[in-house]
Amino acid sequence: MSKPKLAVWKFASCDGCQLSLLDAEDELLAVAGAIEIANFPEASREVAPGPYQLSLVEGSITTPHDAARIQQVRAESEVLVTIGACATAGGIQALRNWADVAEFTSAVYANPAFIDTLATSTAIADHVPVDFELRGCPISKHQLLEVVNAFLYGRRPDIPGYSVCIECKRRGTTCAMVADGTPCLGPVTQAGCGAICPAYHRGCYGCFGPSESANLESLISEWQRLEVDKPTLVRALRTYNGYAPEYRAASEKLEASL
Amino acid sequence: MTERTIDVNYLARVEGEGSLYVKLDGDQITKLEFGIFEPPRFFEAFLRGRHFTEVPDITSRICGICPIGYQTSSINAMEDACGVTVSPEIEALRRLIYCGEWIESHALHLFLLHAPDFLGYESAIHMAKDLPEEVEMGLRLKKIGNAIVQVVGGREIHPINKRVGGFYRAPTRRELETLRPDLEWGLDAALRTANLVTGFNFPDLERDYLFVAMRHPDEYPMARGRVVSSAGLDISAAEYDSHFHEEHVERSNALHSVTGDGTPYHVGPMARFNLNHEQLTPHAAAAATRAGLTAPVINPFRSIIVRAIEIILSFEESLRIIDEYRPPQPPAIDVPPRAGTGFGISEAPRGLLYHRYRIDQAGIIEDAKIVPPTSQNQPTIEADLFDLISANLALSDEDLTWQCEQAIRNYDPCISCATHFLDLRIDRD
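So the protein sequences, as listed, match chains U and B.
So for the first sequence, my numbering puts the first residue at 1; every next one is plus one.
So for the second sequence, my numbering puts the first residue at 1001; every next one is plus one.
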């Protein structure tokens, strides 16, 4: 039986999430044994033609060329999994969605006419059907391996949707917000990182995006009780997952009340 | 007259999206374009209006391979703007986490991206079928680099523990001691790596480069120092803009950096070695001598040996810092904002990384400028390719294309960084 073919695709991103596959140092050669790494330009010159049984897509859609290319990727992929905050929510570059892109272009480039870009940075699922979204900025390599394994065995990936708070409790970390008064996005952020920030004495800053049934209203009132002003709250919600629907709605409501 | 083209639409084994297009008319190169089609993300634009304390986390997202570089240069700039200096203990911890990034990034490039070129494999995964021990050694070295970043920074990619003023939490002695057995193995493996790459065949290419790197009186440069060049330049970070500038060319979403008079220059491991070899640690210096490396190294293909030497140095420095470690108390100093402009530099694995920010009295960013190493190397990479192709016209298109790709990978170009970078086409009409 021939091995399933894996392809890794990059759109607007920092390369960090596909690097997670190369960062699985103990498992990389085993993965390469179970799957044909057919198209992964960051790792290999050799490109085998599609169709691919599994495509991992990193990055967001920010150019007309990429908006067309993702359609081609979808057409060549049996299962398409998006990896990381850029691909699942538009990434940090989605901050342009609240700004004037023409002005952004002229701020960075001397000859804005050379730059072909869209006014928005959007998630892959806004353009094509996606079979599974793996969150994180960056993704967890353990969760990535779980997704690849689940695909190999034809089952649903076991990726919890609960909040970072659960991971803090499991890790035995004292609550940063309750005990120390440190503003923390943990209660509204999906688990997966291992609750690193509170263990390093800082509040969660939302790398994994909104958790299931995130209560933004309650979180915002708690931050305000800690005397965090509205502009700071808006900025805190507008980082790597700022354009995820729950965070976006909350930051836009706050901004309207400024 | 025969015309040829070399055309690589999507360059492999580099970080990000780039291309090369070369058009030849007989033995004349009529067009050579090292293009970057990585989409722009506009970091310098959306940093405006953010608070200065948020910048290390945001700029780390420019690059998943060298986030410590971005965090370090931006933190240096903010501390410069606010007029603070940190304790020697904080500086030591900053050097330790930077050593982790150099090991992780250099091992990734050396074993997984560049060695396959010298040994004739499409990838390290192909290479692993014949040379499993070497590939496994490379993966373990990379893993140890990542472990340093993880222990000090919280996680490998986009670490969370660095802040303006220091660290959120100082790792305990015990946490750092857990690294020691791996660091000792790693130092020995890095010495074997230097022997391995010294035995590679290096294509003939020597060029008269202008090298630019940092220099510090006490150490091989990483997180602090001044900017020096092989032409005698010696300036502070604040003077960078008066000596170097960026140009915007149509084929590239990355800006090209040149000196004031338009001369291309070379940053990265070779530049650092050539300008700082007297600061090498003992094992690194001895390994350089065994490898026959004497400054100036001017064959860019030999940069792979320099990377191995820098891996050795990073292990020696990591062990030294852990031996001498005293947790900084406090882990971070207070940095009250003040209106002004700050300049920050550091030596990312790929070379000099410059940041400049203007902030207001509340710490809100008014203006940002970031010059990554790959932007600075891009004109030099094109000049290397021009000489390489001119000297190797007898090669088949396939061999010439591969050699061009290998020459580009000499610089470990990080296209994700430079876009603010590659696809290879050689056209022989």
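Any given hint could be a false lead.
[Stated by the list, open to error] Covered stretches of chain U, as calculated for chain B (at least 3 residues, CB under 8 Å): (1) 98-112; (2) 209-220.
[As the list claims (entries may be wrong)] Taking lysine to any residue pairs in the SDA-like style, the calculated list, with each CA pair at most 25 Å apart, reads: (3) Lys230/U - Gly1363/B; (4) Lys1129/B - Gly33/U; (5) Lys3/U - Arg1358/B; (6) Lys1143/B - Leu29/U; (7) Lys1129/B - Gln53/U; (8) Lys169/U - Tyr1168/B; (9) Lys230/U - Gln1361/B; (10) Lys3/U - Ile1364/B; (11) Lys1369/B - Leu29/U; (12) Lys230/U - Arg1358/B; (13) Lys253/U - Lys1369/B; (14) Lys1369/B - Arg1095/B; (15) Lys1369/B - Asn111/U; (16) Lys1143/B - His1126/B.
The hints are simulated quantities; they were obtained by calculation from the structure and are not laboratory data.
Even for Gly, the Cβ is constructed at its ideal location relative to N, Cα and C.
Review point. Looking back at the numbered hints, which does the structure fail to meet, lowest number first?
Key: Failing hints, ascending: 2, 5, 10, 11, 13.
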